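**Student:** If you read the sequences in order, they're chains A and B. FYI, the numbering for the first sequence is 331 to 780, going by my numbering. FYI, the numbering for the second sequence is 331 to 780, going by my numbering.
Hints listed in this document are in silico derivations from the structure and should not be mistaken for laboratory results. A few of these clues could be false.
If chains are identical, the list can't say which one is meant, so a pair holds when it fits in one copy or spans any two.
Derived SDA-like pairs: lysine to any residue, alpha-carbon spacing no greater than 25 Å straight-line [unchecked claim]:
(1) Lys444 x Leu712
(2) Lys589 x Met492
(3) Lys470 x Asp512
(4) Lys621 x Phe576
None of these values were measured; they are calculated from a predicted model.
There are 2 protein chains.
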Amino acid sequence: MSLVVANALTEEYAVIGVDILSEASYWKIDSINKGQFPIKADDPKIELFYANARKKQNLYATFDSYAYSKADIIIVDINLDVKKRSSEINELQGYEVDLNPFRSAMETIGSQCKPDCLLLVETTVPPGTCKHIVQPILEKCLGNRGLKTDELKIGHSYERVMPGPNYIDSIQNFFRVFSGVDEKSKRATETFLRTVISTKEYPLTELGSTNATEMAKVLENSYRAMNIGFMVEWSRFAEEAGVDLFEVVKAIRMRPTHKNIMLPGIGVGGYCLTKDPLLASWSKQNLFGSKEGLPQSENGVRTNDMMPHFAYQQMKRHFDRSLAGAKVLLLGVSYLNDVGDTRYSPVEILYRSLMTDGARVTCHDPFIEFWDEERLEVEHDLEVVMASSYDAIVISTGHSLYKGNTKLIRAICENNRSMLLFDTIGIFSSEEIEQLKRSVRVKVLGRGDL
Amino acid sequence: MSLVVANALTEEYAVIGVDILSEASYWKIDSINKGQFPIKADDPKIELFYANARKKQNLYATFDSYAYSKADIIIVDINLDVKKRSSEINELQGYEVDLNPFRSAMETIGSQCKPDCLLLVETTVPPGTCKHIVQPILEKCLGNRGLKTDELKIGHSYERVMPGPNYIDSIQNFFRVFSGVDEKSKRATETFLRTVISTKEYPLTELGSTNATEMAKVLENSYRAMNIGFMVEWSRFAEEAGVDLFEVVKAIRMRPTHKNIMLPGIGVGGYCLTKDPLLASWSKQNLFGSKEGLPQSENGVRTNDMMPHFAYQQMKRHFDRSLAGAKVLLLGVSYLNDVGDTRYSPVEILYRSLMTDGARVTCHDPFIEFWDEERLEVEHDLEVVMASSYDAIVISTGHSLYKGNTKLIRAICENNRSMLLFDTIGIFSSEEIEQLKRSVRVKVLGRGDL
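All chains, please: the whole structure from these sequences, using the hints.
**Tutor:** This is the structure:
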């Protein structure tokens with residue numbers, strides 16, 4: 331978002347990125363100011379936009395909250411986390427939404443901001459947050475500073491960021507939903523968004539209230555999470571019935587009313603789908619006083635969380651001997667194809683289970699050099715890892731690099747004959763699978779016994 | 331299906347419709363033979379196809395199973411029901427799948443059919459039925475008759491019937507999925523389907539096994555049922571947060587990945603979506619020996635079943651006085667717009683709740699003269715019912731007749747001023763609602779407090 335604003339379409343902005351000093355972020359601040367953008371992804375526009383901002387000198391990063399006092403527009407993109415409690419097999423057993431870091435960020439802003447600024451919340455928040463939490467805090471802070479509150483503008487507009495090859499476009503060239511806590515907030519938000527988003531091709535959608543935009547965001551993600559959870563369930567059924575769920579889904583998608591039906595896979599990762607249904611359910615109970623949350627949406631998260639555990643069980647069943655001491659190669663540790671992002675990656679559960687059972691695991695990912703969560707060096711040269719032989723190779727992320735890669739297929743076929751190729755994503759075509767089966771054992775998750 | 335086969339595209343078939351004699355069906359047999367097609371729907375092709383078959387004299391109905399002995403192709407479209415046990419508020423508490431009527435139909439066919447016929451199952455069955463139930467029964471029956479079994483062909487291809495204005499086209503001009511228990515069964519099924527379906531515009535999809543096609547059917551319907559259940563849940567949340575869920579869904583549908591997100595409504599009815607997820611869950615446990623069913627899919631059914639009860643609670647809250655003695659008009663009793671079908675209609679729960687609370691209820695539906703399940707005469711002239719005044723009018727089915735009907739809107743506005751208009755479908759536009767609100771109180775389910 332900072333890059334998109336620094337490269338606004340019809341306005342020149344001076345962008346200051348503010349973060350708190352933490353182990354996870356301190357180096358990013360430095361990196362941005364020194365000429366190295368800290369996010370890696372398969373989108374050339376990121377480097378382009380960053381280089382352009384460097385040339386114009388309109389992007390700067392700091393941890394100093396004094397920056398807020400200079401801002402006409404403050405865009406809130408800070409994290410709002412859910413703390414999950416899970417069992418050993420990763421089954422969700424409870425969760426907490428801790429709003430305190432978010433509240434304290436609002437207080438910091440309120441202690442510095444201009445009384446007539448536009449505060450634009452883009453964070454995914456529990457529905458009701460702008461009205462019930464942000465507005466009261468900001469008004470109180472301004473009051474304490476002896477300032478008027480009637481010029482303050484609070485808007486909400488969520489990003490629909492899709493990390494990967496269209497990272498920038500998913501912000502700049504895509505539909506946006508917005509609202510504000512009152513009429514002047516709505517107008518200020520709209521005016522700003524028009525300067526940074528291609529609203530001619532992607533018209534803005536204005537909703538009646540910030541409750542509605544906040545709900546739209548968590549509903550979008552809950553829809554995905556729940557639909558994935560649904561397929562996880564059927565994926566298990568397909569395994570039991572020996573049915574190739576990929577051909578079934580392909581047949582079903584011919585119906586326009588069923589186009590969004592998902593494919594089976596290894597589970598859900600990333601920052602959004604793993605928690606947004608819980609934010610919503612929490613809000614229903616805690617901000618709107620309902621006795622009941624959103625059980626179906628919560629169950630989607632529960633089912634998805636357990637999928638990598640189920641995938642591991644399938645792997646074990648098809649490996650048919652002990653994994654202790656076995657050499658295993660994981661192709662991909664990112665939670666999503668063509669992006670270097672390991673947050674809540676389902677591959678984590680697979681990796682840990684393998685380690686617990688004593689396997690010797692090598693990890694490869696073209697986008698990741700160091701796997702933060704596992705404190706692990708990741709190999710990013712495919713040729714290097716494929717030079718060794720393995721007892722099992724797992725396709726654990728659907729990176730383009732692995733897709734239709736004849737060199738990779740050849741290397742797998744030249745591996746030891748008793749090797750198991752376990753494809754959790756369905757990256758290979760039926761023809762490729764036929765070819766592979768001539769040399770190694772193959773199991774594709776969700777395709778029955780082929 | 332019988333009309334479509336009698337009007338096949340590239341073949342002339344003599345069609346005999348067979349049903350067992352029951353209170354529900356005896357008159358249909360008579361009716362078909364006497365020149366009156368027993369299904370009413372807003373599709374002119376039904377009358378056209380029926381008249382054409384009458385002219386060609388190639389459609390006849392009977393209860394005599396002797397007919398099977400003359401058939402080259404036997405299409406199985408009989409019911410396979412799920413018996414639900416539900417609480418007073420319609421919460422699903424258990425269910426049974428009784429395969430015995432289906433088994434005994436197979437035995438009747440097996441005792442009469444030619445040994446080389448094609449038995450094409452179109453019934454929605456628990457996945458595994460063709461292989462685990464139909465084939466063994468048929469082969470045993472033929473064996474008992476001293477006949478060979480190696481010429482028998484068993485195929486499965488499910489209909490994607492959408493009752494309503496495109497009834498016939500949903501069979502003849504739409505994508506079809508098929509398979510067979512072996513190669514010759516697949517080919518025979520394909521050959522037959524090509525004669526009745528426009529396969530040039532709507533290519534057939536062949537799947538690997540009947541397990542797969544049977545699963546595809548219940549998966550399609552479970553996908554819908556679960557996605558409706560999901561929105562039921564969010565519809566409640568929207569009511570609590572005062573959010574107009576219709577505008578939220580409209581905003582979300584701009585994303586191609588989210589096009590299939592459903593709209594809120596009064597719940598789910600009809601023969602398929604109310605039971606198919608249960609058939610699937612039952613099959614997983616009983617035909618494939620799994621310890622676990624499909625909890626998420628079952629929960630979709632559970633949530634949907636309870637929606638009309640929730641809708642009634644909303645109605646009561648907005649009516650804000652006792653419904654005892656109140657005059658209430660239900661516009662629509664069918665479970666779906668533009669079709670006369672009351673099977674498992676959610677309006678039933680609404681109607682019964684109103685009756686229990688002592689309301690005086692009038693029912694209108696342009697497609698229904700007699701509501702079988704409630705043993706009730708239904709008024710089908712809208713002008714007649716609108717000549718009276720009411721304490722509440724409920725839009726309970728989304729028939730086209732009620733949509734954009736300025737006469738209806740005028741009649742509602744001329745009703746008594748304290749009247750509540752309760753729209754459970756969202757049939758009125760925002761402008762129409764504004765107009766209505768000037769004269770009567772309006773509550774639209776899922777649109778918050780407007």
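**Student:** Hint by hint, note whether the structure agrees.
**Tutor:** Do the hints match the structure? See the list:
In this assembly of identical chains, the alpha carbons of Lys444 and Leu712 never lie at most 25 Å apart, being 52 Å within a copy and 61 Å across copies at closest. Taking identical chains as interchangeable, the C-alpha atoms of Lys589 and Met492 lie at most 25 Å apart whether they share a chain (19 Å) or sit on different chains (17 Å). Within a single copy, Lys470 and Asp512 get their C-alpha atoms as close as 17 Å, which meets the 25 Å cut-off; across copies the closest is 74 Å, which misses it. In this homomeric assembly, Lys621 and Phe576 come within 25 Å of each other (Cα to Cα) only across copies, at 24 Å, whereas the closest approach inside a single copy is 40 Å.
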